[in-house]
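Student: Okay, here's what each chain looks like letter by letter:
Protein chains: 2
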Amino acid sequence: MKVKSLGEFGLIDRLTKILRIDDPDVVVGFGDDCACVNLDGKLMLFTGDIQLENHHFIKGKIKPEDLGWKLVSINVSDIVACGGKPRWGFISIGIPESTEYSFIEGVYKGMNDALDRYGFSVIGGNTTSSEEIILDLFLVGETERFVPRGGAEEGEVILLSGFTGCSRAGLELLLMDRESYEDFEMRLIEKHTRPEARYDLQNLIQRYARSCIDISDGLVGDLSHIQKMSGVKLVIEKDKLPVDPDLERFCKKYGKDIYDYILYGGEDYQLVFTVNKQDTEKFKDCFKIGYTEKGSGIFIKDEKGLKPLKERGFEHL
Amino acid sequence: MKVKSLGEFGLIDRLTKILRIDDPDVVVGFGDDCACVNLDGKLMLFTGDIQLENHHFIKGKIKPEDLGWKLVSINVSDIVACGGKPRWGFISIGIPESTEYSFIEGVYKGMNDALDRYGFSVIGGNTTSSEEIILDLFLVGETERFVPRGGAEEGEVILLSGFTGCSRAGLELLLMDRESYEDFEMRLIEKHTRPEARYDLQNLIQRYARSCIDISDGLVGDLSHIQKMSGVKLVIEKDKLPVDPDLERFCKKYGKDIYDYILYGGEDYQLVFTVNKQDTEKFKDCFKIGYTEKGSGIFIKDEKGLKPLKERGFEHL
Ligand SMILES: Nc1ncnc2c1ncn2[C@@H]1O[C@H](COP(=O)(O)OP(=O)(O)O)[C@@H](O)[C@H]1O
Ligand SMILES: Nc1ncnc2c1ncn2[C@@H]1O[C@H](COP(=O)(O)OP(=O)(O)O)[C@@H](O)[C@H]1O
Ligand SMILES: Cc1ncc(C[n+]2csc(CCOP(=O)(O)OP(=O)(O)O)c2C)c(N)n1
Ligand SMILES: Cc1ncc(C[n+]2csc(CCOP(=O)(O)OP(=O)(O)O)c2C)c(N)n1
Numbered sequence: 001m002k003v004k005s006l007g008e009f010g011l012i013d014r015l016t017k018i019l020r021i022d023d024p025d026v027v028v029g030f031g032d033d034c035a036c037v038n039l040d041g042k043l044m045l046f047t048g049d050i051q052l053e054n055h056h057f058i059k060g061k062i063k064p065e066d067l068g069w070k071l072v073s074i075n076v077s078d079i080v081a082c083g084g085k086p087r088w089g090f091i092s093i094g095i096p097e098s099t100e101y102s103f104i105e106g107v108y109k110g111m112n113d114a115l116d117r118y119g120f121s122v123i124g125g126n127t128t129s130s131e132e133i134i135l136d137l138f139l140v141g142e143t144e145r146f147v148p149r150g151g152a153e154e155g156e157v158i159l160l161s162g163f164t165g166c167s168r169a170g171l172e173l174l175l176m177d178r179e180s181y182e183d184f185e186m187r188l189i190e191k192h193t194r195p196e197a198r199y200d201l202q203n204l205i206q207r208y209a210r211s212c213i214d215i216s217d218g219l220v221g222d223l224s225h226i227q228k229m230s231g232v233k234l235v236i237e238k239d240k241l242p243v244d245p246d247l248e249r250f251c252k253k254y255g256k257d258i259y260d261y262i263l264y265g266g267e268d269y270q271l272v273f274t275v276n277k278q279d280t281e282k283f284k285d286c287f288k289i290g291y292t293e294k295g296s297g298i299f300i301k302d303e304k305g306l307k308p309l310k311e312r313g314f315e316h317l
Numbered sequence: 001m002k003v004k005s006l007g008e009f010g011l012i013d014r015l016t017k018i019l020r021i022d023d024p025d026v027v028v029g030f031g032d033d034c035a036c037v038n039l040d041g042k043l044m045l046f047t048g049d050i051q052l053e054n055h056h057f058i059k060g061k062i063k064p065e066d067l068g069w070k071l072v073s074i075n076v077s078d079i080v081a082c083g084g085k086p087r088w089g090f091i092s093i094g095i096p097e098s099t100e101y102s103f104i105e106g107v108y109k110g111m112n113d114a115l116d117r118y119g120f121s122v123i124g125g126n127t128t129s130s131e132e133i134i135l136d137l138f139l140v141g142e143t144e145r146f147v148p149r150g151g152a153e154e155g156e157v158i159l160l161s162g163f164t165g166c167s168r169a170g171l172e173l174l175l176m177d178r179e180s181y182e183d184f185e186m187r188l189i190e191k192h193t194r195p196e197a198r199y200d201l202q203n204l205i206q207r208y209a210r211s212c213i214d215i216s217d218g219l220v221g222d223l224s225h226i227q228k229m230s231g232v233k234l235v236i237e238k239d240k241l242p243v244d245p246d247l248e249r250f251c252k253k254y255g256k257d258i259y260d261y262i263l264y265g266g267e268d269y270q271l272v273f274t275v276n277k278q279d280t281e282k283f284k285d286c287f288k289i290g291y292t293e294k295g296s297g298i299f300i301k302d303e304k305g306l307k308p309l310k311e312r313g314f315e316h317l
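So the sequence lines, in the order shown, correspond to chains A and B. First residue of the first sequence? That's 1 in UniProt numbering, and the numbers climb one at a time after it. First residue of the second sequence? That's 1 in UniProt numbering, and the numbers climb one at a time after it.
Since the hints were derived computationally from the structure, they do not count as laboratory data. Please read these numbers as outputs of a predicted model, since none were measured by experiment. Wrong hints could be hidden among the right ones.
A pair holds if it fits inside one copy or across any two, identical chains being indistinguishable in the list.
[To be verified] Here are the simulated lysine-lysine pairs, BS3-like style, with alpha carbons at most 27 Å apart:
1) K109 x K2
2) K17 x K109
3) K63 x K4
4) K61 x K2
5) K17 x K2
6) K42 x K4
7) K238 x K109
All chains should be built: construct the whole structure from the sequences, respecting the hints.
Tutor: See the structure below:
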């Protein structure tokens, strides 16, 4: 049996069953955005995310500075999704011998900019030669409260921290291999190449979110983790979903269905989370996109009523 | 300028200068086997090491169980070299879609065996598709005293925890692509495919070693880090170097210079360290292979006198 036929999540399921965790200090093991350990009363978070050439980026289509920035941001995003702050990073790189030094230098400069922005340091690393560029970052963070994927209960409000779909549109524009782009297209491309982790929400998420996940694989794909792990029904109100004006122009220009992007586009690194009704107003710039109910499944509600959403998201395998 | 022309260590030097560490809790940043942070009085260690297909192993020439075991062991080795115990691991994998599930299952079973042996857990991971198999492990450890590469002073004894050179002989045997091997050859191959981290020495290293490094790139290559970072002269006594009988047979059979293997063969994951004279006897099973003096450089001493050793070791670039 090939791993492809298991799918990414089928594979992870099997592999994590082989690794028995036998340690009373482990608060959260597999299954969330971060693992969490209790170190003498401190909750430490662990996460890691890779940027692999031709799978996550194409050299020549992203500035090395942006790539370094993105690598840090997507990892910080997982830490914030669990309520925490990043503390230390460790980077493992693989690099073909023929790579220009200026490329990897740019990656590190972009990383350093992001580290300054999010306020922590990468303190170690490992270097090897490889066929394709490998940038694998591991972060340790800290939180006062672990916010899980599985914490949603009925009667909560579903909040979304910003626009989704833009990153996928940006990627598609990049892959068109054009000489020049319109201004709104450049903005979409930048959403893809230089995402921002929602570190600005860290404190509020830590205090008030009942469940949270960051959106790497698409809004519905990632919501389905909250849905399954929480065991509640999620209802998304279609007219509450925020629509980015640039994405609107993109979809008009290229004849695309905008909800395909908003619901299923990946790599926006916004947060989607649930809160108690009375805490909703604390998240001023976030969008109330729906609510939780007793039951299961993810539904979209429009003028015609409730429809189950197809639960697909980006999978590596 | 291509990265190849900088060499692995030249590249690391430049990259680590870009990443400014600005955090009073960081006790040791770049330049040692592990990074070290002070977390409310606890010294936490960070390390990571990768096994990359065709660069660190060849599929079909190593059992997946051995590969998983090796991945864990080489990482534990770095933690022990700093005096510490491994606490938690995080694994990042890249896997081609066409890989048989049984292969990666074997890797995880081997990892789990090693985790049982060294007494800790891998608690999270990340999965992506890739062209070649990537197994990248990060460990967090803990120590009561950080044992640095740069702690050696004049007048200390250099100790080596076991035989070196066997792993490289094992690799060369594997690469001969033979149908069958003699028993002693199989033992050498196993030294390569299933190294053991010297976790048994952890407590003694933590207490008594003044400087320490684990031998991944070859005895002289790794000693040169102790030499440079400590600013002392190292004298190796040729007749004190332990000679593995299987390696001796190998070198006779294939007409090889055994000291080329002992001094420059990599991936044995033994420890080489310095201790004060009065502490030497505590390390019963280790070999006293030399001593430190005021000065600089690494020298080998035989009946003819002192000769500087060529400071080469395995480099990825
Ligand atoms: N790509 C990298 N980025 C940042 N630091 C690195 C990188 N590669 C190696 N380092 C750091 O450089 C030092 C030396 O690394 P190395 O010689 O590979 O150690 P080891 O042999 O123990 O793996 C270590 O402190 C390591 O953390
Ligand atoms: N190869 C792996 N080995 C062990 N655990 C893994 C592996 N890949 C993913 N995991 C774990 O599975 C869970 C889900 O991973 P994933 O959906 O990739 O999270 P994220 O989208 O936040 O990166 C996480 O808890 C992660 O730690
Ligand atoms: C060349 C290229 N092809 C495809 C994609 C699309 N893509 C790659 S990874 C990904 C989803 C995020 O995956 P990952 O970063 O591995 O995060 P995780 O799911 O582990 O959180 C998407 C949509 C891309 N960014 N670049
Ligand atoms: C196919 C193959 N080619 C070459 C080698 C030899 N080799 C690969 S890595 C290495 C040295 C150790 O390097 P690494 O594991 O990256 O450890 P580090 O130097 O980072 O501690 C050696 C001798 C091998 N094991 N397999």
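Student: For K42 and K4, with the copy left unspecified, which applies at a CA distance of at most 27 Å: within, between, both, or neither?
Tutor: neither (39 Å within a copy, 43 Å between copies)
Student: With 27 Å as the alpha-carbon cut-off, assign the pair K63 and K4 to within, between, both or neither.
Tutor: Between copies only: 21 Å across chains, 31 Å inside a chain, cut-off 27 Å.
Student: Within, between, both or neither: how does the pair K17, K2 come out at a Cα-Cα threshold of 27 Å?
Tutor: This pair counts as within: shortest intra-copy Cα distance 18 Å, inter-copy 43 Å.
Student: Between K109 and K2, at a C-alpha cutoff of 27 Å, which is it: within one copy, between copies, both, or neither?
Tutor: Only across copies: K109 and K2 sit 18 Å apart there, 39 Å inside one copy, limit 27 Å.
Student: When no copy is specified for K238 and K109, does a C-alpha distance of 27 Å or less occur within a copy, between copies, both, or neither?
Tutor: neither (40 Å within a copy, 46 Å between copies)
Student: Up to 27 Å between alpha-carbons, please classify K61 paired with K2: within, between, both or neither.
Tutor: Intra 31 Å, inter 20 Å, cutoff 27 Å: inter-copy only.
Student: Could you figure out if K17 and K109 sit no more than 27 Å apart (CA to CA) within one copy, between two copies, both or neither?
Tutor: Close across copies (10 Å), not inside one copy (39 Å); limit 27 Å.
Consistency with the previously given hints fails for numbers 6, 7, ordered from lowest to highest.
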